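Student: Chain residues, written in single-letter form:
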Amino acid sequence: MRYLPLSTDDRAEMLAKICVENINDLFVDVPNHALLKGLVDLPNHMTEMEVEQNFEAYSAKSVAAGSVPFFVGAGAYRHHVPASVDYQIQRGEYLTAYTPYQPEISQGTLQTLYEFQSQVAQITGMDVANASMYDGSTACGEAALMACRVTRKKRIIVSGNLHPHYIDVVKNLTKFTDGVVVDNDPTLNKPENLIDQVDDDTACVIVQNPDFFGNINDFSDLADALHERKKLLVIVNTEVVALGAIKSPGEMGADIVVGEGQSIGNGLNYGGPYVGLFATRQKYVRQMPGRLCGETTDADGKRGFVLTLSTREQHIRREKATSNICTNAGLCTLAFTIHMTLLGEKGYRHLAQLNHAGTVKLKNKLAGIDGLEVLNETFFNEFTVRLSNNAAEVVETLVENDVIAGLPVSRLYPDRPELNNILIIAVTETTSEDDMDILVAELKEVLK
Amino acid sequence: MTTYYSEDHEWINVESGVGTVGITDYAQNALGDIVFVEVPEVGDELAKGDEVAVVESVKAASEIYSPVTGEITAVNEDLEDNASLVNSSAGGDGWFFKISISDDSELEGLMDADGYKTFTAGLE
Amino acid sequence: MMNNQGRPTGIDGTTETSNAGYETYTGNRGLAQVEGLIYEIGDTQRTGVDLPEVEEFESCIGGVTRDNEIGLAGLTEPEAMRHYTRLSRKNYAIDLGLYPLGSCTMKHNPRLNEKVARLPGVADIHPLQPISTVQGALDLIDTLAHWLKTLTGMPAVAMSPKAGAHGELCGLMAIRSALEAKGDARSIVLAPESAHGTNPATAALCGYKVKPIPATEDGRVDLDAMKEALGPDVAAIMVTNPNTCGLFEREIIEIADAVHAIGGYFYCDGANFNAIVGKVRPGDLGVDAMHINLHKTFSTPHGGGGPGAGPVVLSEALAPYAPIPYVVMGEEDFDMVEHDTTGKSFGRMTAFHGQMGMFTRALAYMMSHGADGLARVAEDSVLNANYVLASLKDIMSASFEGPCMHEALFDDRFLKDTGVSTLDFSKAMIDEGYHPMTMYFPLVVHGAMLIEPTESESKQSVDQFIGMMRYLVEKAKAGDTGRFTGAPYNAPLKRLDETGAARNPVLRWTAAE
Numbered sequence: 001m002r003y004l005p006l007s008t009d010d011r012a013e014m015l016a017k018i019c020v021e022n023i024n025d026l027f028v029d030v031p032n033h034a035l036l037k038g039l040v041d042l043p044n045h046m047t048e049m050e051v052e053q054n055f056e057a058y059s060a061k062s063v064a065a066g067s068v069p070f071f072v073g074a075g076a077y078r079h080h081v082p083a084s085v086d087y088q089i090q091r092g093e094y095l096t097a098y099t100p101y102q103p104e105i106s107q108g109t110l111q112t113l114y115e116f117q118s119q120v121a122q123i124t125g126m127d128v129a130n131a132s133m134y135d136g137s138t139a140c141g142e143a144a145l146m147a148c149r150v151t152r153k154k155r156i157i158v159s160g161n162l163h164p165h166y167i168d169v170v171k172n173l174t175k176f177t178d179g180v181v182v183d184n185d186p187t188l189n190k191p192e193n194l195i196d197q198v199d200d201d202t203a204c205v206i207v208q209n210p211d212f213f214g215n216i217n218d219f220s221d222l223a224d225a226l227h228e229r230k231k232l233l234v235i236v237n238t239e240v241v242a243l244g245a246i247k248s249p250g251e252m253g254a255d256i257v258v259g260e261g262q263s264i265g266n267g268l269n270y271g272g273p274y275v276g277l278f279a280t281r282q283k284y285v286r287q288m289p290g291r292l293c294g295e296t297t298d299a300d301g302k303r304g305f306v307l308t309l310s311t312r313e314q315h316i317r318r319e320k321a322t323s324n325i326c327t328n329a330g331l332c333t334l335a336f337t338i339h340m341t342l343l344g345e346k347g348y349r350h351l352a353q354l355n356h357a358g359t360v361k362l363k364n365k366l367a368g369i370d371g372l373e374v375l376n377e378t379f380f381n382e383f384t385v386r387l388s389n390n391a392a393e394v395v396e397t398l399v400e401n402d403v404i405a406g407l408p409v410s411r412l413y414p415d416r417p418e419l420n421n422i423l424i425i426a427v428t429e430t431t432s433e434d435d436m437d438i439l440v441a442e443l444k445e446v447l448k
Numbered sequence: 001m002t003t004y005y006s007e008d009h010e011w012i013n014v015e016s017g018v019g020t021v022g023i024t025d026y027a028q029n030a031l032g033d034i035v036f037v038e039v040p041e042v043g044d045e046l047a048k049g050d051e052v053a054v055v056e057s058v059k060a061a062s063e064i065y066s067p068v069t070g071e072i073t074a075v076n077e078d079l080e081d082n083a084s085l086v087n088s089s090a091g092g093d094g095w096f097f098k099i100s101i102s103d104d105s106e107l108e109g110l111m112d113a114d115g116y117k118t119f120t121a122g123l124e
Numbered sequence: 001m002m003n004n005q006g007r008p009t010g011i012d013g014t015t016e017t018s019n020a021g022y023e024t025y026t027g028n029r030g031l032a033q034v035e036g037l038i039y040e041i042g043d044t045q046r047t048g049v050d051l052p053e054v055e056e057f058e059s060c061i062g063g064v065t066r067d068n069e070i071g072l073a074g075l076t077e078p079e080a081m082r083h084y085t086r087l088s089r090k091n092y093a094i095d096l097g098l099y100p101l102g103s104c105t106m107k108h109n110p111r112l113n114e115k116v117a118r119l120p121g122v123a124d125i126h127p128l129q130p131i132s133t134v135q136g137a138l139d140l141i142d143t144l145a146h147w148l149k150t151l152t153g154m155p156a157v158a159m160s161p162k163a164g165a166h167g168e169l170c171g172l173m174a175i176r177s178a179l180e181a182k183g184d185a186r187s188i189v190l191a192p193e194s195a196h197g198t199n200p201a202t203a204a205l206c207g208y209k210v211k212p213i214p215a216t217e218d219g220r221v222d223l224d225a226m227k228e229a230l231g232p233d234v235a236a237i238m239v240t241n242p243n244t245c246g247l248f249e250r251e252i253i254e255i256a257d258a259v260h261a262i263g264g265y266f267y268c269d270g271a272n273f274n275a276i277v278g279k280v281r282p283g284d285l286g287v288d289a290m291h292i293n294l295h296k297t298f299s300t301p302h303g304g305g306g307p308g309a310g311p312v313v314l315s316e317a318l319a320p321y322a323p324i325p326y327v328v329m330g331e332e333d334f335d336m337v338e339h340d341t342t343g344k345s346f347g348r349m350t351a352f353h354g355q356m357g358m359f360t361r362a363l364a365y366m367m368s369h370g371a372d373g374l375a376r377v378a379e380d381s382v383l384n385a386n387y388v389l390a391s392l393k394d395i396m397s398a399s400f401e402g403p404c405m406h407e408a409l410f411d412d413r414f415l416k417d418t419g420v421s422t423l424d425f426s427k428a429m430i431d432e433g434y435h436p437m438t439m440y441f442p443l444v445v446h447g448a449m450l451i452e453p454t455e456s457e458s459k460q461s462v463d464q465f466i467g468m469m470r471y472l473v474e475k476a477k478a479g480d481t482g483r484f485t486g487a488p489y490n491a492p493l494k495r496l497d498e499t500g501a502a503r504n505p506v507l508r509w510t511a512a513e
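Just so you know, the protein sequences line up as chains A, B and C, in that order. Residue 64 in our numbering is what sits at position 64 of the first sequence, and the numbering runs on without skipping anything. Residue 1 in our numbering is what sits at position 1 of the second sequence, and the numbering runs on without skipping anything. Residue 101 in our numbering is what sits at position 101 of the third sequence, and the numbering runs on without skipping anything.
Chain A with its partners taken away, still in its complex shape:
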């Protein structure tokens, strides 16, 4: 078997050294009836070629986003990732390394984490960022818990225009803690009044920018009003490319910023693995969840990096830890960092402009279609439209013509019939003008 180096002779020699006769003598502590007498009911081993064929068959049974005009966003975005990113993350030194607990032989991972933290702090406009969470949604849940710790309060006010999955995760993660989630109805493109919901018992308000429906807001006034009341503002970003064009959450006065970093360096992967971004103010650093990498020196005075402030974490603090997180998004942070380094300030801003320009173009192309109304006044690379027909049915019809037209909001809000005709459409630099023209033609046809 290609992955198992021990030979029959090796095994015999080793058993002899251990002074047992049979491999099952090493399993003597297993209750007798529980040790299987035969093999489990699964196929036996396969050759490399056979396995590959199996997966090619799975792959062929799904429609790859890159193979059709594709307009789904809503928290995961199809961007182009440079080839060198994927090469680097497959280097064995990165791919097959563990968490950098032995810093002398982990400086590669540690320095890239430090670069990652620096980049995330910069793009969010915050003081510090951690070395990643599982994804944006779990980072959002952790932000709610952290806000409760910082303020010693328990009400969490959540915008109705936060990604519904994120709302669900916040509710789930706080379900068995003291946290109380106050949710709001989605308003599409209408402003929300959140500050009036803040009472003494409130820990934070969570908003998204651009929001789930694509609208862009300046939350500076909300931040000021919350700070006057000693409450925290959590700003969520699910499309990190947007921060190359819009005012950063830090500049608006956010106390905690969380985001989904998948857009940079990482593929769609049907929902994971992604990379959760988590940034905050210096004064709250000891309340942060997750790993942190810090700069220090070695015994010779040379600069180096270590995991630090570990007393916040489960492996030391156990039940009093700031989170139970252990494994993070390691390799996905590396992909993020390399892609961001390849972009640089210039490329990042250019990419943002390119995304926005393409989206404006599609919006303009859609303007003349009867039965379609664009709801957004502002947007980055995603906007919401109201159709004259049921959006899910329109999307299914277009699938038959090899177009994936966007996200019918009813998929996430099945119990809100008022949203049945709402469709969210996303554009990235990978969307060609031909793709747009096909979508326009198909929508015209189906909405006729």
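The set of hints was computed from the structure by calculation and includes no laboratory data. Careful, some of the hints might be misleading.
A few chain C residues that face chain B, going by a derived Cβ cut-off under 7 Å, partial list only [as the list claims (entries may be wrong)]:
(1) E498
(2) T499
(3) A502
(4) R503
Just so you know, these numbers come straight off a predicted model, no measurement behind them. The beta-carbon is built from N, C-alpha and C at its ideal position, and this holds for glycine as well.
Starting from the known structure of chain A, fit chains B and C onto it as the hints suggest.
Tutor: Here is chains B and C on its own, set in the frame of chain A:
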């Protein structure tokens, strides 16, 4: 002014109804290089035995329990930037907080300097 | 023919062979190269991507624009490749050598798995594209679920948890939900002293207090103490099996029966499933919930700390409370249940459906091994660990009698009076070209050294490791302390000042004032 010691290796220095609390030299030595002290907030009300502070080294965090019942009247803000004060001066500049003592009788269960010395000798 | 370039043809007696005392201009020492931060070698004007020109357009940002410089440093592609390649060479990795981290299962990461995870119908599909267009993905998830259920002998599996600790949370949330449904949430979770830190941290997130259970002299859960701790307020016991001392809990059935008898649940931490995969089904041991670290047992790469994946197998009693979403087989096609219609599911743990990229890799690993190969994985991992134990127990201090499972636990008694600590010993292993074993965990023995060679190591490899360990033990006992206390000498860096890092945290680069 009298100094008392607890079995949790805290000292409390009592002067006109207010106790200044820190950890002993024995404790700082056992904890190693101290990197952070989380002190309570002024105004916090505590019962004897409540968790009141946390002292951290790189790989460990230890809870500090209030030796008496009372209200926090001051905290040592110098520790925020310089936790190593606890190592260099556990019984002096490395104090943690001041607490107004509600019930003097709680001090009776604590040790004096000699008693603490005997206590730690027994731990070796 | 004459050598008229004056080029030396051999190593003459004057060549310096020791580590030269002189400084180099660059700070480099041959292939050991110093590498700055991107901010020191790049700048905001450089870029490694060529993007299409942006055509004229009217902005719809609404004036909420980013006007100040962000300060992101860029590098061109050759610079970036060199930067990250140079940094990579400062890492130890499985691909470079035996990686004996106990409880971490650092096994070989097959590259076939990387290849299939990049197929377009797997890597380039969106979590919210129509269900009709992702049938292959759902089939793959369903197949993996079938393998996991069969290997564990459990009726259900929740696929969405993103890592082991997230899986623990899933399991405990299901348990709490099931208890609440009976109107009896309870307040205590029992966990052995040797538990992973994630166990108590997770229990706390579920609103439970953790009561530690002591270990017996032979490194297992003290059944009597556990029974004494059981009561009507105990929601569950969390037991790692094989446990973190590398031992199989002999009384596992009794443990399960006892907790069931008081109406509680048995959560098994499956971090060490590698030792028994294909040989023992946790379902036969009375387990109600167990997470499976796909990045341990099923070889998905650790990637310097993640990503992982932590599917959780569940008993019939807990299955109704599983998180959404989950895959079901419809009349003809697969479907994804994204909204709870039963009122029982405890909710959603993450946006989307879990770690698809890890599912693909894990399933490729499973198919490559098959039922026969997976049993062999368990056997070889246990064999390698016992071989290490048998070969070192005369000279190091084994904490418990064997046989062990897939990892062997030693403590620091053998270092008594040598002036060498577990930490020093570990650092000296670095100079020998090895990653140290897990040290100071589990907490139940002093100066713990937990060695897990995994089944990926050949006998030659394990023999060399054993030889190296014996050599270091002899050196320590012979008083050669300098080799240990200053180690590592031959790593990219000497020991790092972790105290300084924690006292004055510098967590990001900032431009010099």
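Student: Would the stated hint for C/T499 survive a check requiring a Cβ distance to chain B of less than 7 Å?
Tutor: With a closest approach of 4 Å, the C/T499 hint holds.
Student: When the nearest CB of chain B is found for C/A502, is that gap smaller than 7 Å?
Tutor: With a minimum Cβ separation of about 4 Å from chain B (threshold 7 Å), the hint on C/A502 holds.
Student: Go through the hint on C/R503 and say holds or violated, using the shortest Cβ distance to chain B against 7 Å.
Tutor: OK, holds: C/R503 within 7 Å of chain B, min 5 Å.
Student: Can you verify the interface hint for C/E498: is its Cβ closer than 7 Å to any Cβ in chain B?
Tutor: 5 Å, holds
Violation of the numbered hints given earlier is absent; every hint is satisfied by the structure.
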